[in-house]
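Turn these sequences into a full structure, and let the hints steer you where they fit.
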Amino acid sequence: MNYNVNENGYYGDFGGAYIPEMLYPNVEELRQNYIKVMQEPEFQEEFHELLREYVGRPTPLYFAKRFSEKYGTKVYLKREDLCHTGAHKVNNTIGQILMAKRLGKTRIIAETGAGQHGVATATVCALMGLECIVYMGAVDIKRQAPNVARMKMLGAKVVPAESGSKTLKDATNEAIRDWINNPTDTHYIIGSVVGPHPYPDMVARFQSVISEEVKKQLVEKEGRENPDYVVACVGGGSNAAGIYYHYLDNPNVGIIAVEAAGKGIDSGESAATSALGKEGIIHGSKTLLMQTPDGQITEPYSISAGLDYPGVGPMHAHLFRSGRGEFISITDDAAMQAGLELSKLEGIIPAIETSHALAIFKDRKFKKDDVVVINLSGRGDKDLNTYIEYFNLA
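Residue 191 in full-length UniProt numbering is what sits at position 191 of the sequence shown, and the numbering runs on without skipping anything.
None of these hints come from the bench; they were simulated from the model. All values reported here derive from a predicted model rather than from experimental measurement. Where is the CB? At the ideal position from N, CA and C, for every residue including glycine. Just so you know, not all the hints are guaranteed correct.
Said to hold, decoys possible - Simulated restraints, written as ranges between beta carbons of each label pair:
no.: 1; residue 1: A394; residue 2: Y18; range: 15 to 21 Å
no.: 2; residue 1: E7; residue 2: Q337; range: 43 to 49 Å
no.: 3; residue 1: K362; residue 2: K221; range: 41 to 47 Å
no.: 4; residue 1: G268; residue 2: Q44; range: 45 to 51 Å
no.: 5; residue 1: T184; residue 2: K215; range: 37 to 43 Å
no.: 6; residue 1: T106; residue 2: D363; range: 20 to 26 Å
no.: 7; residue 1: E131; residue 2: S343; range: 35 to 41 Å
Claimed, not checked - List time: in silico DSS-like cross-link candidates among lysine-lysine, alpha-carbon distance up to 25 Å:
no.: 8; residue 1: K365; residue 2: K215
no.: 9; residue 1: K216; residue 2: K362
no.: 10; residue 1: K166; residue 2: K263
no.: 11; residue 1: K215; residue 2: K368
no.: 12; residue 1: K344; residue 2: K65
no.: 13; residue 1: K221; residue 2: K70
no.: 14; residue 1: K221; residue 2: K367
no.: 15; residue 1: K263; residue 2: K362
no.: 16; residue 1: K368; residue 2: K70
no.: 17; residue 1: K65; residue 2: K365
no.: 18; residue 1: K215; residue 2: K65
no.: 19; residue 1: K221; residue 2: K368
no.: 20; residue 1: K65; residue 2: K278
no.: 21; residue 1: K166; residue 2: K65
no.: 22; residue 1: K263; residue 2: K65
no.: 23; residue 1: K344; residue 2: K215
no.: 24; residue 1: K365; residue 2: K263
no.: 25; residue 1: K216; residue 2: K368
no.: 26; residue 1: K263; residue 2: K278
no.: 27; residue 1: K101; residue 2: K36
no.: 28; residue 1: K142; residue 2: K157
no.: 29; residue 1: K344; residue 2: K362
no.: 30; residue 1: K70; residue 2: K365
no.: 31; residue 1: K166; residue 2: K152
no.: 32; residue 1: K101; residue 2: K70
The structure is reproduced here in structure tokens:
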């Protein structure tokens with residue numbers, strides 16, 4: 001079975017481009033050009049130079065000694081938290097801003113939940129001198145105030161989404177509306193492996209630098225390219241797509257995807273799409289989606305602003321449906337405890353998104369010689385207020 005996208009933009013049953021006619025020219029222009037542009041030697045050269053000189057890649061593959069001892073297996077952390085801007089998001093925004101410039105676009109729009117993608121987009125717009133508008137749910141604006149301030153410092157205009165749950169899904173709706181109204185000069189930088197084809201594939205390709213580095217780094221550390229498992233948290237799933245990418249078709253590497261169970265899978269306050277989702281269409285692609293019996297999208301919930309998306313990228317829906325990926329749901333409480341534990345064991349404060357991935361070790365046992373690589377997708381600075389309130393640290 002193939003786990004990459006096919007020529008029609010599908011991963012198995014999932015994917016495609018379900019878009020209003022008004023958006024067709026924008027998406028089609030991208031679809032016809034994205035691979036051709038990405039394969040140009042000048043594009044590759046500029047992309048990799050910026051990753052090296054500006055983002056700070058390659059990021060280390062760090063052996064978490066004390067964490068490994070505690071759980072009786074070999075745990076490596078892929079340190080995406082050390083990227084410029086504090087998360088993996090910038091790998092994709094660098095790629096997409098170069099794409100936008102090649103396609104002659106002068107205005108950039110984006111949506112953001114936790115604010116990391118908004119910051120990463122505002123960062124590359126400042127770098128390239130392009131106008132930047134970021135849509136963000138009004139609720140997320142409140143809970144991610146430091147990131148909002150960063151975006152404004154970087155010259156971006158932050159527009160609150162006041163509809164629905166006032167979170168990521170609603171911000172995405174507003175961004176799509178803007179794009180329909182400004183088709184010729186605007187490029188929409190989607191922050192995850194979601195949206196109409198070619199976005200899931202394009203974003204996965206830009207993020208695949210993560211697993212590309214892991215392969216080389218593991219040869220140095222373990223004498224082999226392949227770990228036994230790669231683990232990542234999944235909301236939309238771009239950090240996961242990045243660390244899975246070069247291992248998708250290798251059955252010897254286990255793929256573990258960790259979703260946010262919120263207050264419990266059956267609590268009514270959750271974002272565990274694989275457990276709760278049914279086939280549906282959201283933001284231009286067919287995927288697994290949390291919805292009511294009559295097809296209305298249900299509001300997701302997670303303590304982590306980056307994981308409360310009601311769907312999941314089509315690549316991940318296919319990994320789940322096909323059985324290639326092992327999906328685990330982690331509650332708010334388990335994630336918060338895991339984040340605190342990593343801080344105390346390794347001196348690394350992770351983003352709450354990443355804390356979900358770290359939490360699996362309590363129940364999911366690994367062999368002593370297993371090599372488990374976790375994508376440490378972001379640092380915890382943006383979540384300090386949530387940590388402070390939860391653990392009463394003030």
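Worksheet item: CA of K101 to CA of K36, is that 25 Å or under?
Response: OK: K101 and K36 at ~14 Å, within 25 Å.
Worksheet item: Within 43 to 49 Å or not, the Cβ separation of E7 and Q337?
Response: 45 Å, holds
Worksheet item: Are the Cα atoms of K263 and K362 separated by 25 Å or less?
Response: Holds - the C-alpha atoms of K362 and K263 are around 18 Å apart, at most 25 Å.
Worksheet item: Holds or violated: K221 with K70, Cα cutoff 25 Å?
Response: Since the Cα atoms of K221 and K70 sit roughly 20 Å apart, the hinted pair holds (cutoff 25 Å).
Practice prompt. Would you check the hint for K221 and K367, treating anything up to 25 Å between C-alpha atoms as holding?
Written response: 18 Å, holds
Worksheet item: Between K263 and K65, is the straight-line Cα distance small enough, at 25 Å or below?
Response: 31 Å, violated
Discussion item. Just to be careful, I want the Cα atoms of K70 and K365 compared with a cutoff of 25 Å; is the pair within it?
Written reply: With Cα atoms ~12 Å apart, K70 and K365 stay inside 25 Å; holds.
Discussion item. I want to verify a distance hint. Is the separation of the beta carbons of A394 and Y18 within 15 to 21 Å?
Written reply: 46 Å, violated
Fill in: Straight-line alpha-carbon gap K215 to K65, limit 25 Å
Cα-Cα ~20 Å, so holds.
Discussion item. Checking one constraint from the list: CA of K221 to CA of K368, max 25 Å. Satisfied?
Written reply: Holds, because 16 Å separates the two Cα atoms, which is no more than 25 Å.
Worksheet item: Given the hinted pair K365 and K215, is their alpha-carbon gap at most 25 Å?
Response: 24 Å, holds
Discussion item. Does K278 sit within 25 Å of K65, going by the straight-line distance between their CA atoms?
Written reply: 40 Å, violated
Consistency note: the structure conflicts with the earlier hints numbered 1, 3, 6, 9, 20, 21, 22, 23, 32.
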